[in-house]
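Let the hints inform the model, and build the full structure from the sequences given.
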Amino acid sequence: MTFFVLLTKEMRLRMRQERIVWVMIVYVLLLGSLGWLYLSRSTSNSSSVGYDWNATGTTLYQLLTLVQMVLIIFISPSFTSGAINTEKELRTYDMLLCSQISAFSLVAGKLIAGLSNVLLLIAAAIPLFSLVFFFGSFTPLRILQDLVVFAITAAMVASFGLLCSTLFAKRSTSTAIAYVVVLLWLIAPFLYLNLVPVPIVRDQVNQQYNLNLLVWNPLVILSLNGGVLPYVSATYVFAGMHISSWLAYILLSLGATLLFFLLSLCFVKPHALIRIRASFIAYRKNRKRG
Amino acid sequence: MSIIKIQHVSKRYRSVQALNDFSLEIPRGTTYGLIGPNGAGKTTLMRILAALIIPNSGQVWFENHEVSRTPTVIQRKVGYMPDFFGVYPDLTCAEYLEFYAGIHSIARHKRIGIINDLLELVDLSTKRDDLVEALSRGMKQRLCLARALVHDPEVLILDEPASGLDPRARVELRELVHTLQCIGKTIIISSHILFELAEMCTHVAILQDGQLIVAGDVETVIHQVQGKRQLEIHLLEQERLDDAIAMLKNIPTISSVTVDGKTGILADFTGDEQALHRVLADLISHGIPIVSFAPRTAGGRLEEVFMSITEGSNQQ
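These protein sequence lines map, in sequence, to chains A and B.
Anchor point for the first sequence: position 117 equals 116 in numbering that gives the first Met the number 0, and the numbering is continuous, going up by one each time.
Anchor point for the second sequence: position 94 equals 93 in numbering that gives the first Met the number 0, and the numbering is continuous, going up by one each time.
Just so you know, the hints here were simulated from the structure itself, not pulled from any lab data.
Possibly wrong hints are sitting among the right ones.
[Unchecked claim] Cross-link-like lysine-lysine pairs, in silico, BS3-like; alpha carbons within 27 Å at most:
| no. | chain 1 | residue 1 | chain 2 | residue 2 |
| --- | --- | --- | --- | --- |
| 1 | B | Lys-76 | B | Lys-109 |
| 2 | A | Lys-268 | B | Lys-76 |
| 3 | B | Lys-76 | A | Lys-284 |
Below, the structure written as structure tokens:
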């Protein structure tokens with residue numbers, strides 16, 4: 000299958016660059032030093048007798064997850080926002096179009112290659128996160144849930160970056176637009192809540208209103224999971240169904256990822272409409288023969 | 000029998016008419032040279048043939064398949080080499096070819112054999128495990144040619160394959176094209192170096208401003224313009240130059256007259272042998288002191304044919 004051929008080529012090219020090694024080193028060092036700084040500061044003024052290690056562990060974990068999420072959100076587009084237009088800049092795009100590679104293989108191969116780099120970063124940080132088990136109060140299920148949020152968020156942001164790379168001819172343009180949109184997506188609900196006066200935010204009636212605004216924000220979902228925002232309901236009501244905000248976020252993000260993927264399929268090769276019509280004619284011919 | 004039929008194809012890029020009602024038939028097994036100045040529409044034509052762009056009007060048939068409607072057929076049967084390298088610098092030559100073999104759906108077990116054969120054909124066997132970025136320009140060009148051949152296409156489209164190559168690399172490329180001719184491939188090639196095309200091609204088409212000026216086998220094209228000859232006349236005295244020019248301009252079979260040096264005249268002549276004799280007789284009867292009177296063919300070489308034809312089109 001042409002998908003695996005493209006994926007192999009992409010992995011070869013990416014892993015031969017020094018960039019990925021440096022990104023991993025900086026990423027793990029940043030998270031590690033942040034955790035070390037927090038721990039050293041919170042324990043410096045306390046005696047070991049009667050110290051609440053549990054609370055320290057919880058705060059450390061929340062800090063690490065939020066920072067990791069922000070890092071993932073801002074690193075993911077860089078791996079995919081130039082995936083297609085770099086081929087144009089290298090002038091290899093025409094050669095891909097002249098081959099028998101399908102739009103699906105092209106988009107899926109590029110997306111998975113870019114995503115694998117992000118997943119590598121998430122995997123590299125797992126040992127750091129496992130340190131919080133020493134402080135207690137965390138279940139493996141909780142960490143697993145957060146890992147799923149990381150992975151789904153990375154997939155959504157990466158697929159959006161890929162869509163930008165199919166829409167814009169220049170890598171710099173697509174990367175800039177991807178970052179601006181991702182930044183807006185991240186801060187827009189908070190800006191809205193701060194700019195528009197919402198009466199009695201902590202009131203039970205307004206809980207659902209707040210959640211509707213914030214449910215598609217990964218930082219909110221991670222905080223809800225950790226109980227940082229107790230005044231926002233953890234249950235999302237959609238068409239009369241009560242689902243957890245975590246599940247709502249996962250479903251929304253999967254839907255967005257699928258949408259970005261399908262749009263990328265449309266735009267990755269030129270003459271989308273003509274290609275669809277040709278496929279339809281070929282399908283009808285095959286049916287008649289069959 | 001024609002393998003490619005181009006019928007009334009037009010292509011416009013915003014305000015630029017790249018091709019205008021262009022029609023051409025390319026016989027199977029020929030090496031067809033596309034000649035034209037920059038902006039004549041050669042690359043547009045080649046990209047249409049490779050199913051990379053779709054014409055605004057007209058049709059291109061590859062055997063019984065309309066190119067724009069059956070791009071998958073074209074992708075199987077046509078190998079396209081654009082006028083730029085398009086390589087992944089961090090892959091080795093073998094990995095580069097393996098990638099393209101893979102995306103042309105060639106079975107994994109066949110790939111190694113094909114890659115070895117192609118590297119041998121383009122004389123890059125010793126560079127098999129070298130990174131592409133370490134290759135010279137000529138080697139990269141040969142690697143790109145190998146890439147275009149990886150799926151054993153019936154038709155090979157080469158856009159300016161010799162551009163930027165040193166003389167040695169050009170000779171090697173020419174030999175390679177000759178080898179492919181012998182294998183029986185139909186080759187469509189464009190180049191600015193016309194004497195090379197004349198050596199390689201069995202047929203040529205001359206384009207200008209998106210239109211076909213003349214096409215056919217090389218001999219026919221040259222013959223078509225051989226009716227136009229240039230007269231090279233040298234006088235004994237410079238004083239009679241103006242008289243001679245004035246006299247020549249009044250002769251209907253002479254289209255243009257230019258001064259060549261102090262006593263020389265160049266005149267474009269379009270008549271037969273009797274008309275040529277009358278020109279000489281007239282000059283002598285008017286007492287013009289002629290030292291030499293030399294009619295010569297204008298299109299003995301493809302380069303001159305091209306210059307002659309495109310110059311005529313410009314005047315129209």
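Contradicted hints - numbers only: As far as the earlier hints go, not one is violated by this structure.
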